[in-house]
Amino acid sequence: MHVHIELTHPIAEAWLQRLRSELREGFQQHWYDDKYRDVPAGLRSARILQDYPALAGHKKTIGVLQVALKQAEQRA
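Per our numbering: the sequence shown = residues 332 to 407.
Simulated from the structure, these hints should not be mistaken for laboratory data. For each residue, glycine too, the CB sits at the ideal point set by N, CA and C. Just so you know, nobody snuck in bad clues.
Within a straight-line C-alpha distance of at most 25 Å, the following computed DSS-like cross-link-like pairs (lysine-lysine) qualify:
(1) K401 / K390
(2) K391 / K366
(3) K366 / K390
(4) K401 / K391
Taking CB as the label site, the calculated pair distances span:
(5) E353 / R378: 14 to 24 Å
(6) V395 / D364: 23 to 33 Å
(7) Q405 / D365: 40 to 50 Å
(8) I342 / K391: 16 to 26 Å
(9) R406 / K366: 36 to 46 Å
(10) R406 / Q359: 32 to 42 Å
(11) T339 / D382: 32 to 42 Å
(12) S376 / W346: 17 to 27 Å
(13) A407 / V370: 40 to 50 Å
(14) E404 / R368: 36 to 46 Å
Turn these sequences into a full structure, and let the hints steer you where they fit.
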């Protein structure tokens, strides 16, 4: 799926910070769940993202926003 949106720089920055916060909270919420007890720490993040698509969406959106903000700064 491809989604295109136009944002002002301040809105993109604010959204990026919010997504980072929510992703961090999501990892903290699930990191020590019993279902991940036997998953090595190096693989745990990927497993959590696999099990929780909304968090995976946050991670993907964070990456896209970072690239877009960097490109906007280079053009300015």
